[in-house]
Amino acid sequence: MPVTDQDNALPITIRSVTKTYGDVYALDEVDLDVQSGEFLTLLGPSGSGKTTLLMVLAGFTRPDHGSVLFGESEVIRMPPHKREVGMVFQNYALFPHMTVAGNIGFPLRLRGIDKKTARERVENALGTVQLGGYGDRRIDQLSGGQMQRVALARAIVFEPRILLMDEPLSALDKKLREHMQIELRHLHEKLGMTTVYVTHDQREALTMSDRVAVINDGKLMQLDSPRQIYDQPASTFVANFIGESTLLPVDHRNGQVSYAGNPIDIKGSESKNGSFLMLRPERLILLSSNNDSAYNTFQGKVKDIVYQGESFLLYVTLIDGTDVAVRSVSQKDLIAAVPEVNSQIVLGLHPDETVLIPDDNE
Amino acid sequence: MADSANSMGNTLTRINAVGLRQDERRERLALFGLSVPAILLVIVIVAIPVGWLFWLSLFNDEGVLSTYNYTRMLESKSYFRIFRTTFNVSFMTTALCVIIGYPFAYFLAQLPQRWANIGLIAVLLPFWTSLLVRTYAWLVVLQRKGLVNQWGMELGLWDAPLRLVHNMNGTLIGMAHIMLPFLVLPLYGSMRTIDQDYVKAASNLGASPFQAFWNIYLPLSLPGLFAGIVVVFVLCLGFFVTPAVLGGGRIIMVSMKIETIIDLFFNFGTASALGVVLMLLTLLVLFISHKLLRLDRVLGGGGGS
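Protein chains in written order, with numbering that gives the first Met the number 0: chain A, 0 to 361; chain B, 0 to 304.
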């Protein structure tokens, strides 16, 4: 296939890709540009269509219509074995009747690369994923983390310019998963191939990605940097799905935003006329008095206190009956300042961190 | 206080240890008890008859203890020929079953579960009909003036009736038909456990559909295929009804020879010796295939995930 980009990465252009199963839209007119060499994560709840989109890129799912370009070339009707994209499967899909080296060498064998060169490249790939010397192992002798690395080595050994990953870390335990997140990130920086990563784990998405594409009901909800996704959600769905948040309805009158009659200063918000105010638990602080003019203030009553080790949570009922959560780190003086259950307190939110969320229907 | 309690635990009996050990022993005995009926059954219907068979084979025609029945088998060419025919027929039947059964099992394994179940019922349906009836049905279909020859000649495909029965053709057709389910069932079972992601991974890595099948799917389905082959081959070795009816006396297998010897000559010694040798050869086949299957497991072709 003619490839114009001589770099080791290719951009992906997705245009109005649609896939229906009966009446259900798994993908609904999805447009998405993945830049050359970037690490982009498709994030969404299960059944959102993120995996379907990845399978369309890999060629395993045939969409109803749409266009997918790798670089300049249209691949939408190209069979999977001609697409030259690496893929890491959720369950790794390592061939159990081959050794580690046999698995990693398989794509090289298919490409008719001579045995000596192939052996070197397999050894290199094993080194890249820090499994040097594991070539002769059988697949069933590997731990989950090692299988994960072998699957990765197999996906990159033929130097594809696009790498797809389908929840590759979901089978690992928490510690190993967090370790692998950092390692994958470093590996991506080193190899530089365009990477599309699917996960339902928002922390993973925020940790690893250059940009995150939030997907729900087959639609692209927001495409932004992790920071932007978290701080300036473009819809109530994204605000609720990413992190914890409570949304308070606000009134707009004469250019002034107010909640329950109290004026709110929205210096930090990119959306100036959103109809909800987003309260993140870690952005709220406990104030000693109502008159701190530096903050937007909310009065409430402590409902419950939960100690969670590194932090504690206060559940506070505001005057209009809404429950909000406040998170505070477990430092000695902060713990000492924790009010008792049922006491009246004042919560503060800095105007720079005060963000309005547009209604999804707007 | 804590120290004294500790030392008491060590020097005297640990709390409830004796009772717990008793419970464990009682449980094991109960489990063993469950297998007693099966063990008795095996002794009565397998061990005793086989032992008796072996005992009978050690006496010659005059009822004197001798190895005559076995030495005669080695000297006579006709016995060798019968064993060769038996293995030949078994081998060809098995090969036919693989050629017909593998693609069919593969087809079923690719279908959605609902449709595959219907296909499986079609495979199992013949089991509900008597073996004898099915064999005679083939006789009707394949004979000189049977359906196949009538239709074939009416359509002008051939001029003279084909000799489809009372020879090797008929025997193989009939036996392959009877044996096919024994190959398809274990093969289908093992194919169902092959994760479709393996084939996807192969094609993602650049394998054409044929390369993916040849390098990945086929090796992973081998354990099931071997299991089916062993079952079919071993069943064929001792098969009687179908070759007797469809072979027309031209295809003599060991089981048929045993029947003749008893029916015509009433020679239990020779018949028993034949039976013992067939059994030993069957055990040898099972032993070799067991080694092969084990080897396969060592190589990691578990078929599953």
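It is possible that part of the hints are untrue.
[What the hints assert, rightly or not] Derived pair list, reagent style SDA-like, types lysine to any residue, alpha-carbon separation capped at 25 Å:
| id | chain 1 | residue 1 | chain 2 | residue 2 |
| --- | --- | --- | --- | --- |
| 1 | B | Lys199 | A | Ser224 |
| 2 | B | Lys199 | A | Tyr314 |
| 3 | A | Lys114 | B | Arg80 |
| 4 | A | Lys81 | B | Val275 |
| 5 | A | Lys114 | B | Tyr216 |
| 6 | A | Lys81 | B | Leu217 |
| 7 | A | Lys81 | B | Asn214 |
| 8 | B | Lys199 | A | Arg202 |
| 9 | B | Lys199 | A | Thr296 |
| 10 | B | Lys199 | A | Phe311 |
| 11 | B | Lys199 | A | Ser45 |
| 12 | A | Lys114 | B | Val276 |
| 13 | B | Lys76 | B | Ser207 |
| 14 | A | Lys81 | B | Lys256 |
| 15 | B | Lys290 | B | Ile98 |
| 16 | B | Lys199 | A | Leu247 |
| 17 | B | Lys199 | A | Val301 |
| 18 | B | Lys199 | A | Ser292 |
| 19 | B | Lys256 | B | Arg80 |
| 20 | B | Lys199 | A | Leu286 |
| 21 | B | Lys199 | A | Thr353 |
| 22 | B | Lys199 | A | Glu281 |
Hints in this document: simulated from the structure, not taken from any laboratory. Nothing here was measured: the structure is a model prediction, and the numbers come from that model.
So, going through the hints one by one against the coordinates:
1. Restraint check for Lys199/B and Ser224/A: the C-alpha separation of about 32 Å exceeds 25 Å, so the hint is violated.
2. Proposed proximity of Lys199/B and Tyr314/A is contradicted: the alpha carbons are some 48 Å apart, above 25 Å.
3. Between the alpha carbons of Lys114/A and Arg80/B the distance comes to roughly 49 Å, so the proposed pair goes past 25 Å and is violated.
4. Using a Cα cut-off of 25 Å, the hinted pair Lys81/A and Val275/B is violated, with the two alpha carbons roughly 59 Å apart.
5. For the given pair, Lys114/A sits about 23 Å from Tyr216/B by alpha-carbon distance, which is consistent with the 25 Å threshold.
6. Of the pairs offered as hints, the one joining Lys81/A and Leu217/B holds, with about 22 Å between alpha carbons and a cut-off of 25 Å not exceeded.
7. As the CA atoms of Lys81/A and Asn214/B are separated by approximately 17 Å, the hinted pair is consistent with the 25 Å bound.
8. Proximity of Lys199/B to Arg202/A is assessed by CA-CA distance (about 29 Å); at most 25 Å being required, the pair is judged violated.
9. A distance of roughly 56 Å separates the Cα atoms of Lys199/B and Thr296/A; the hinted pair therefore is violated under the 25 Å criterion.
10. Only pairs whose Cα atoms come within 25 Å are accepted, and Lys199/B paired with Phe311/A is rejected, the gap being roughly 46 Å.
11. At most 25 Å may separate the alpha-carbon atoms for a hinted pair to count; Lys199/B and Ser45/A meet this at roughly 21 Å.
12. The straight-line distance between the Cα atoms of Lys114/A and Val276/B is roughly 50 Å, outside the 25 Å bound, and the hint therefore fails.
13. A C-alpha spacing of about 52 Å is found between Lys76/B and Ser207/B, which places the hinted pair above 25 Å, so the restraint is violated.
14. Taking the CA atoms of Lys81/A and Lys256/B, the gap is near 60 Å; set against the 25 Å cutoff, the hint is violated.
15. Of the pairs offered as hints, the one joining Lys290/B and Ile98/B holds, with about 24 Å between alpha carbons and a cut-off of 25 Å not exceeded.
16. With a CA separation close to 47 Å, the supplied pair Lys199/B and Leu247/A exceeds the 25 Å bound.
17. Distance check on the hinted pair: Lys199/B and Val301/A sit about 54 Å apart at the alpha-carbon level, beyond 25 Å; violated.
18. A threshold of 25 Å between alpha carbons decides the hint, and for Lys199/B with Ser292/A the separation of about 61 Å lies outside it, so the pair is violated.
19. For the hint pairing Lys256/B with Arg80/B, the CA-to-CA distance comes to about 11 Å; that is within 25 Å, so the pair holds.
20. Proximity of Lys199/B to Leu286/A is assessed by CA-CA distance (about 58 Å); at most 25 Å being required, the pair is judged violated.
21. As the CA atoms of Lys199/B and Thr353/A are separated by approximately 48 Å, the hinted pair breaks the 25 Å bound.
22. Distance restraint check for Lys199/B and Glu281/A: the Cα-Cα separation of roughly 44 Å exceeds the 25 Å cut-off, and the hinted pair is therefore not satisfied.
This entry does not satisfy hints 1, 2, 3, 4, 8, 9, 10, 12, 13, 14, 16, 17, 18, 20, 21 and 22, going by the numbered hints stated previously.
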